[in-house]
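This is what each chain is made of:
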Amino acid sequence: MRQIVILGAGTAGTMMANKLYKSLNSGEWRITVVDQHKTHYYQPGFLFIPFGIYKKEDVIKPKADFIPSGVNLIFSSIDRIEANSNKVFLEGGKVLNYDYLIIASGTKTCPEETPGMKDKLWYKEIFDFYTIDGALALQNFFKYWEGGKLVMAITELPYKCPVAPLEFVFLADAYFTEKGIRDKVDITYVTPMSGAFTKPIATKMLSELLKEKNIKVVPDFYIEHIDNDEKKIVSYDNQEIDFDVLTIVPMNMGDKMIERSGLGDDMNFVPTNKETLRSDAFENIFVLGDASNIPTSKAGSVAHFAAEILFENLMSAIEGRPLYAKFDGHANCYIETGFGKGALIDFNYTTEPLPGTFPLPGIGPFGLLENTKMNHYGKVMFRWIYWHILLKGKELPVEPLMSMAGKKTVN
Amino acid sequence: MAQKTYSGKTLEVTNEGYLVNQADWSKEVAADMAKEIGMELTPKHYEVLEYLRKENATGIPLTIRKVGKSGIVDIKGLYDLFPGGPLKFSSKLAGIPKPVSCV
Numbered sequence: 011m012r013q014i015v016i017l018g019a020g021t022a023g024t025m026m027a028n029k030l031y032k033s034l035n036s037g038e039w040r041i042t043v044v045d046q047h048k049t050h051y052y053q054p055g056f057l058f059i060p061f062g063i064y065k066k067e068d069v070i071k072p073k074a075d076f077i078p079s080g081v082n083l084i085f086s087s088i089d090r091i092e093a094n095s096n097k098v099f100l101e102g103g104k105v106l107n108y109d110y111l112i113i114a115s116g117t118k119t120c121p122e123e124t125p126g127m128k129d130k131l132w133y134k135e136i137f138d139f140y141t142i143d144g145a146l147a148l149q150n151f152f153k154y155w156e157g158g159k160l161v162m163a164i165t166e167l168p169y170k171c172p173v174a175p176l177e178f179v180f181l182a183d184a185y186f187t188e189k190g191i192r193d194k195v196d197i198t199y200v201t202p203m204s205g206a207f208t209k210p211i212a213t214k215m216l217s218e219l220l221k222e223k224n225i226k227v228v229p230d231f232y233i234e235h236i237d238n239d240e241k242k243i244v245s246y247d248n249q250e251i252d253f254d255v256l257t258i259v260p261m262n263m264g265d266k267m268i269e270r271s272g273l274g275d276d277m278n279f280v281p282t283n284k285e286t287l288r289s290d291a292f293e294n295i296f297v298l299g300d301a302s303n304i305p306t307s308k309a310g311s312v313a314h315f316a317a318e319i320l321f322e323n324l325m326s327a328i329e330g331r332p333l334y335a336k337f338d339g340h341a342n343c344y345i346e347t348g349f350g351k352g353a354l355i356d357f358n359y360t361t362e363p364l365p366g367t368f369p370l371p372g373i374g375p376f377g378l379l380e381n382t383k384m385n386h387y388g389k390v391m392f393r394w395i396y397w398h399i400l401l402k403g404k405e406l407p408v409e410p411l412m413s414m415a416g417k418k419t420v421n
Numbered sequence: 002m003a004q005k006t007y008s009g010k011t012l013e014v015t016n017e018g019y020l021v022n023q024a025d026w027s028k029e030v031a032a033d034m035a036k037e038i039g040m041e042l043t044p045k046h047y048e049v050l051e052y053l054r055k056e057n058a059t060g061i062p063l064t065i066r067k068v069g070k071s072g073i074v075d076i077k078g079l080y081d082l083f084p085g086g087p088l089k090f091s092s093k094l095a096g097i098p099k100p101v102s103c104v
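Sequences listed follow chains A and B, in order. Our numbering applies: residue 11 is where the first sequence begins, and numbers increase by one. Our numbering applies: residue 2 is where the second sequence begins, and numbers increase by one.
None of these hints come from the bench; they were simulated from the model. Positions of the beta carbon are idealized from the N, C-alpha and C atoms, including for glycine. Hints are not guaranteed to be accurate.
Selected chain B positions facing chain A (Cβ under 7 Å, derived; list incomplete) [what the hints assert, rightly or not]:
no. : residue
1   : Pro62
2   : Ile76
3   : Lys77
4   : Phe90
In silico DSS-like links for lysine-lysine, alpha-carbon gap of 25 Å or less [said to hold, decoys possible]:
no. : chain 1 : residue 1 : chain 2 : residue 2
5   : B       : Lys70     : A       : Lys266
6   : B       : Lys45     : B       : Lys28
7   : A       : Lys170    : B       : Lys45
8   : A       : Lys153    : A       : Lys134
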């Protein structure tokens, strides 16, 4: 019996387990999935929790519900991978042998990496919304808050779901407007990038939207520490920004297990060929989703598109053929902009987000780089699609590689 | 695309002033580019520029954090050397492309 081991049962690992189970002969292959947590979180939903739009129950389901019963699912922490001997060591000494390994252990927030973040104001006046605990604590804080300086700050690149902090300030604008205290809330968006987004055309559209909503942007701000007594963030070049409540994207790093295995870069992401999705170091290791160092967004949509490519290449590797499928870094992100509207961007390694229609050229129904009600419905529907189609590895009517059809070029 | 004269040669640069051909770079070119923004390069600056060129050649995206761990300079030091744009200015002076963020 040959063995495929998948490390991680998040979005990427779950999709891969479903795809492989459907395609591989179960008499010949045994598929094992390892994860330390039993709960699957719908992470795009965390964003809505601080504003009371989603409850905790809306974003959680048991992981086991999404893994086919013929797949061996183990709940355990992973000690390390020994890639030279094709072995995975679990906590407690159990050893898994593999012929092929798929690393899908994701990225984690590391608030302890920034001095003063996980200090006396943590979850009192400093919050993240990338964890269920942070999102719920913030929901509780906002319920009773009467206004002041709200600062949304990004610590370091890369981070999961690059549009989430933008969505957060758009939703905050709508939330406090509806509460009738928007005039008492000062919203500031702080980023180490030189603009609201890295790509020029999308930055222009988003900057106009931020201005329209009276949200201040402070670019090129690289946080060195947080002063809990004076309640301010301080940058490496000694700029300071005061806050009454700070919502923050902590530094993102790959799993510590990657570091223990000696397979990561300086942020514990696994060096991976950005086209084939195979590990740079080992021919029988592939990497899917946020765990890799490929230069595109850390997001579920990327993992979904990449899963198709990885699957093709894994089949080729098994049959001893060259890896011909090439990933293009395709990402597709709905951006909630508040008041029942949304924007949509679709891009890859080389093509920045452009205006147009999606997925059908000239028809849509979604408008790229446009702020429309239809795009918001896309985001709302997506939660259903996520649980019922995406995780189960079923086809979506969107090609894995980005298409120029329906996009307008901008000079 | 635009052209600029550095170290007595006419060189191709992007609209933002980054060298188009990395092979055009020399210490003298870097010194002339620095003068344009009112900077004087010290041996420490050159040490950083050489490091950036070497790292860039590996194809792995550069980050401020990575330079800060290089052992040549820490992050605060990098800000002191290249005020206002530690990675942007240093990349420009090193003759490598504008740093991309992974978004």
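Hint check:
This hint holds: Pro62(B) has a C-beta 6 Å from the nearest C-beta of chain A, less than the 7 Å allowed. Using the Cβ-Cβ criterion of 7 Å, the hint placing Ile76(B) at the interface with chain A is satisfied: the shortest such distance is roughly 5 Å. For Lys77(B), the shortest C-beta to C-beta distance to chain A is roughly 5 Å, which falls under 7 Å, so the interface hint holds. The interface hint given for Phe90(B) is broken, as the beta carbon of that residue sits about 11 Å from the closest beta carbon of chain A, more than 7 Å.
Restraint check: the Cα-Cα separation between Lys70(B) and Lys266(A) comes to about 19 Å, which is no more than 25 Å; the hinted pair holds. For the proposed pair Lys45(B) and Lys28(B), the alpha carbon gap of about 13 Å is at most 25 Å, so the pair holds. Between Lys170(A) and Lys45(B) the CA atoms are separated by roughly 35 Å; this puts the pair beyond 25 Å, and the hint is violated. Distance check on the hinted pair: Lys153(A) and Lys134(A) sit about 13 Å apart at the alpha-carbon level, within 25 Å; holds.
The structure fails to meet hints 4, 7 from the earlier list, while all remaining hints are met.
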